[in-house]
Structures are given as structure tokens and as C-alpha cells.
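Engineer: Residue-level listing of the chains:
Number of protein chains: 2
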Amino acid sequence: MSIETMVGGQISPWMTGGGRESDIVLSSRVRLARNLDGIPFPNRADTIVLQGVIQELGEAVPELSAATGKPYILVKMGKLTPLERYVLVEKHIISPSLAQHAESRALIVEEDAAVSIMINEEDHLRIQCMAPGLALTEAFQSADKIDDVMEARHNFGFNEQMGYLTACPTNLGTGLRASVMLHLPALGITRQLNRIVNAATQLGLAVRGLYGEGSEAAGNVFQISNQLTLGHTEQEIIDNLYSVVTQVVEHERSARCMLMRESENALSDKVWRSYGILRYARSISGQEALAMLSEVRLGIDLGIIDTKQASLFNELLIMTRPNYLQKVSGSNLLAADARDRLRADVIRSKLAGRDEEYVK
Amino acid sequence: MSIETMVGGQISPWMTGGGRESDIVLSSRVRLARNLDGIPFPNRADTIVLQGVIQELGEAVPELSAATGKPYILVKMGKLTPLERYVLVEKHIISPSLAQHAESRALIVEEDAAVSIMINEEDHLRIQCMAPGLALTEAFQSADKIDDVMEARHNFGFNEQMGYLTACPTNLGTGLRASVMLHLPALGITRQLNRIVNAATQLGLAVRGLYGEGSEAAGNVFQISNQLTLGHTEQEIIDNLYSVVTQVVEHERSARCMLMRESENALSDKVWRSYGILRYARSISGQEALAMLSEVRLGIDLGIIDTKQASLFNELLIMTRPNYLQKVSGSNLLAADARDRLRADVIRSKLAGRDEEYVK
Chain L
68 MSIETMVGGQ
78 ISPWMTGGGR
88 ESDIVLSSRV
98 RLARNLDGIP
108 FPNRADTIVL
118 QGVIQELGEA
128 VPELSAATGK
138 PYILVKMGKL
148 TPLERYVLVE
158 KHIISPSLAQ
168 HAESRALIVE
178 EDAAVSIMIN
188 EEDHLRIQCM
198 APGLALTEAF
208 QSADKIDDVM
218 EARHNFGFNE
228 QMGYLTACPT
238 NLGTGLRASV
248 MLHLPALGIT
258 RQLNRIVNAA
268 TQLGLAVRGL
278 YGEGSEAAGN
288 VFQISNQLTL
298 GHTEQEIIDN
308 LYSVVTQVVE
318 HERSARCMLM
328 RESENALSDK
338 VWRSYGILRY
348 ARSISGQEAL
358 AMLSEVRLGI
368 DLGIIDTKQA
378 SLFNELLIMT
388 RPNYLQKVSG
398 SNLLAADARD
408 RLRADVIRSK
418 LAGRDEEYVK
Chain A
68 MSIETMVGGQ
78 ISPWMTGGGR
88 ESDIVLSSRV
98 RLARNLDGIP
108 FPNRADTIVL
118 QGVIQELGEA
128 VPELSAATGK
138 PYILVKMGKL
148 TPLERYVLVE
158 KHIISPSLAQ
168 HAESRALIVE
178 EDAAVSIMIN
188 EEDHLRIQCM
198 APGLALTEAF
208 QSADKIDDVM
218 EARHNFGFNE
228 QMGYLTACPT
238 NLGTGLRASV
248 MLHLPALGIT
258 RQLNRIVNAA
268 TQLGLAVRGL
278 YGEGSEAAGN
288 VFQISNQLTL
298 GHTEQEIIDN
308 LYSVVTQVVE
318 HERSARCMLM
328 RESENALSDK
338 VWRSYGILRY
348 ARSISGQEAL
358 AMLSEVRLGI
368 DLGIIDTKQA
378 SLFNELLIMT
388 RPNYLQKVSG
398 SNLLAADARD
408 RLRADVIRSK
418 LAGRDEEYVK
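Sequence lines, in order, name chains L and A. When you line the first sequence up against our numbering, it's residues 68 to 427, in that order. When you line the second sequence up against our numbering, it's residues 68 to 427, in that order.
Isolated chain L, as found in the complex (with noise of 0.2 Å):
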């Protein structure tokens, strides 16, 4: 797989597997900060030192490729248009300050997307590997293999009180951040989330919207990180946050219960007409689509909609925002009414199961 369909798919091949809880917990993601022992941080490093950096950590490809069986390919940033990045972005492969700061950033990533390493982010390394469904423990072994590939060769910034050091102290010690992507509209719906976000972050952990930091919870899709990186195993920083995200889980699945039971009827009238508006509209903004492919995700989960298209709301997630829709129109840089036309021109192909017809 080349960068351009990478760019250019509709959705990362990772994402298609279902995985544990996948009628909740849309993927899993573990990431490691690390850094070249002797060698500035990215934001104290001029250039030659951080194409020197690229230079080295690039010659890992071949032996990544040979240790997971799965070909890896290197990909500067400034080789990229801006908008081929921020589709990236969108789909979660690398992070907006990547994209945004393309100069002397690159990235090695594997076939399937499902392993991304970002080389002179904040860190010289992050190491990214995502998996569907709630799977830390593998997407942390997955991401555990990659960084002992990559320390064989290279001599990480370690000392023995304060672990891994990282450019931010917030990432020092482990160096491991875990996430869960949830998708959590019942909670939603029964208005409960404030109380799940409150009892996480009491717990150390960090609730936030789909797409990060700041981001808002559109689409009542939230990302549940560990807080603290330090004082900790990797393995109890996951177990940690296992064990939340399994009980905001269960929170979810009753809710859900409770709203089939005590308002089945209200419920499947509203996910009925959403699906009516999101197969129907010619125009719609990315706020409404999110809210609408929700109630749709919703409705299939519960068995209200039937289809064989599990995937749809992972897929019509990415393919309905902004970046991804300007590179789909191929045209020039589309105006705010246009890409809401566009939007509900690729839902209601993509509802009708006609995939490609609005890209004429």
C-alpha cells in the first residue's frame, strides 16, 4: 500500500475488524514517546539535526518490515500536500502538530495503518499501533515489539529514576499513553455522561472528544487516556485503564437496556429519522452528520436497523469530515456550503450502497 491510497481509502484496513465490545469500544490505541539518547529534543533541534534524526531512524524500515512480517514504509511529511496530512489526521494516523509542522517530521507506518511512528513530533519517536475493538494488551505487545526493534539499534534517552525522558514531563517514565475510542450514546441520550467523565478523571484518567484535545464529544464518540505515565508499570497503566473503560462499558450497555425497555418506541423513531435525514438531506454540516450517524450506529447496534453494514459508522466517521472531503472533491478549496452538499452527496451514496457515485 503506497501513501497516496492510504491518503486516498476511505477508511484504515485495521479498522474493518470488529474486535472485543466493538458495539462500544470503536479501537484501542497504545503509543510510547521515546528519544535519541545525546540528541536534542525536536523543539531544541535545528535542522541537520533533525534530518540526521530521520536519517537514522528510517534505517530501521527494513528490519521492522522483517521482525512483524508486515512491509513499513517511510514517508517524509513535507512530501505530502498539506491536505493529504490533515486527511491523515483524520484518520488518526498521525497528529495535527505533525501535519501542521511538516518541516523535518516524517513517518514510518505499516500497510494496514494499524502501526504509525512519528519521527520529530514532540518526541524524536512515537510509536503508535491501533486495533480494533478493546484490545490494549495487544496493541501494546504490538507497540512493546516495535520499540524493542527500534532500541536494538538505537540508544533511547533512559535514566534510572525518571524511566524514559520525553520533551514534556507529563510523558516521562513509561512514555506510554493508552486510549480507548467509546462510543457512548446512551449515556448520552440518558444524560449521564458528565458523571462517567467525572468518576474517569478522579481515576487519573483523561476523557476527551474524538478528535483530541479539545475537540468536542460530537458524534458521542470520546477517547479515555491514562493521565499519568510515571510511578507506574505498563502493565498496571493498562490494567487501569482496562478496568474503567470496561465499567463505563457496562454503564453504556445498561443504558441501553434501560432506554429499549422503558422508551423502545421514542428511541426507534428517533434512529429512524436520522437514518431518514442522513439517506435523504442535500446538504448537512459535520456536527449534524456525527450527531445522526450516532443515533444510526445507535439503532444498528441495538437491532432497530438491520444491516450487514457493521462498519458504516467507523467508516462514514472519517468520510464525512472536512479534510477527507476536500481531497474526495479533488476540486479547489471547497466552500462551507459546498462540502455539506458534498458530505450528504458520500452519506447518501454511501447508505444506498452506491460507494463510489459521488465521486464523478
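Note that these hints are calculated values from the structure, not bench results. Where is the CB? At the ideal position from N, CA and C, for every residue including glycine. Check the hints yourself; a few may be wrong.
Partial list, derived from the structure: chain A residues whose beta carbon lies under 10 Å from chain L [unchecked claim]: (1) Asn332; (2) Arg340; (3) Ser341; (4) Ile371.
Derived list of chain A stretches under chain L, where covered just means 3 residues or more per stretch with a C-beta under 8 Å from a C-beta of chain L [unchecked claim]: (5) 333-339; (6) 404-411.
Keeping the supplied structure of chain L fixed, place chain A upon it in accordance with the hints.
Structural biologist: Same frame as chain L, but now just chain A:
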């Protein structure tokens, strides 16, 4: 056609025709008020007198059939259930007053329900003729013919100065009330309705909602009728109404053109969203159904929605009324929420082209 099929059918046969200006004018109606000479008006007559009136007027049925070539039947209101009577109201075959006070009231009705003659409503005789589209002259000619047949048998109360005598002075003279039912969505969207209503009122016409006096203009459907019956000939009354209606039709038509010219995208989105909701909702109130049906009908008229189901709107106007739904359900009295669900079922089946599916 029996009265049972007349009540049970989705739509009166005459309504399926198109007629002139039928994109805006749904139907035309003319009614003549007449009273038997020397017999007290219904509100002053006792049961014996009222029964005598039914008896006497009912004898005209064979002559009506012979003169028009279409079968007529006499239906005593007391023989119908209240529900059946109110379905006839929703189909505009009888007035709410005749349905409410059924005792000693009757109806003579032509096979396709284009002609209905109420006996012992406010007057002894209310001859009502309906036609699709803008067809006031045809409706008047039809009523005039019925009037001739009846007048050949009966002496009607008549005074050289005041014309035909009626129970209420507002009907004195010609006893003629002509009206048209107009669908004015574009004037609604562009907020010009008040101006139109005021102008029509100043020209001596009355403007009402879908179900007569006091009813709201749900679904942007308006009835325009003459107020004055005295001091003008029948032809003058018809001509005046015709002239005003023609102007209103022109206003609606230019409002539609303006909408298409200046905001086709927004209009198309609005129309299709309404279609999507009607097509998939599981519960819908009468008010909301009318509003959405109005937008869908506008979409059909403007070619935004391409459908062969031209009479869809007229049919669904009737099919989604409370009493018709109660009749369809065939069960005990429907609670409001069950009725809203049945309404959604009826609309959904109809739009999917599966007419009878909901009558399970």
C-alpha cells in the same frame, strides 16, 4: 359504491383527477343552501318534521340518478357510527355539524362522492359539488343541475327581494358558497401569506385552514370562499372568486420560481429531509405530518422529487387524519401515541408503494 366503501376508501374517486392549476389548486367546491317552503328551518323543527323532510327529499334519489346518469344513495346519519361520520367529515363529504348532530339528519350522495346533499344541516338542503383543480364553473353547473332537479319537485322558500331564504342571514340570496382549496407552501416559506389573506379578505372573501372555520392552516392548505351571497348573481360570485384565486395562484407560482432561482439547494435539502422523515419515522403527529407532506408535495410540483404518485399528497392528507386512522386500526379507541405510530406506519407504507401493508 356503498357508504362502507365510501368511508373505508383512502380517497374519494373524484379527487384522483388532475384538473386545471392542480399543482396549486387542490379542489373546487360549490354549495347551495335551500329550504322547503312553509316548513320550519331545521333548528326550529321537531323530530317529526325533520323526519318528514328526509322522507320527502329522499324521494328525489331516483330522479337524481336518472338526470345525472350516476347512482345516488340516501344515508341516514343515525345509521352510521360516530367514527364513520367523522371520516366523512375528513373527506369533506359532510360538515362537522351534520356528524355531530346525527339524529334526523341524512345525506344523499353520488357514487364518486363529487356530489353530496346534506339534509337537515343548518338548512333543509345543502347541495355540494366538488371538482379537482380550479373548476368553479363546472362545480356550479353541476350544483345548478341538482338544484333544478330538486326544485322541479319541491317548492323552495324564496322571496323576490331576498332571494332564497336560509336559516342564517349570511346565506340569503343565492344561497351560494363557492370555495377553492389551495396549497400555498412557497407563499408560506417566503412569509407572504398574511398579505394574501388580508388582500382576499378586503375583496370580500374568507380564508380558512384545511378543515373550515377555526382550523389552522396546517400543511399550507387554505380554503378561499365568498362571504357575500346577497346582491350578486351566481355568475358574479363565481367570477370574483375565480379572479382572486387566479391571482393567488400567480403569486404562489412566482414565489416558487423565486425559491428555485435563489435557494434551490436549501429548498431541495428541506424537501428531501421531509421526505426522509416521512419515509422512515416511526411516530409522527398530525400537525408535523401535514407540514412535511406539504414540503414533499412542493418538491414533487417543482420536480425536485420525481415520482409518478401525483395524488400522493391528496391521499395522505386524508389518510393521516385521526378518524381515518381510527377506522383503519379497526381496534378500540387509539391513544394519541398509538395513533402517531399508526400514522407513521401508514405514511411509510404508502411512500414505499405498499398500500395495504399497514392494515395488518
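Engineer: Which numbered hints turn out to be false for this structure?
Structural biologist: none
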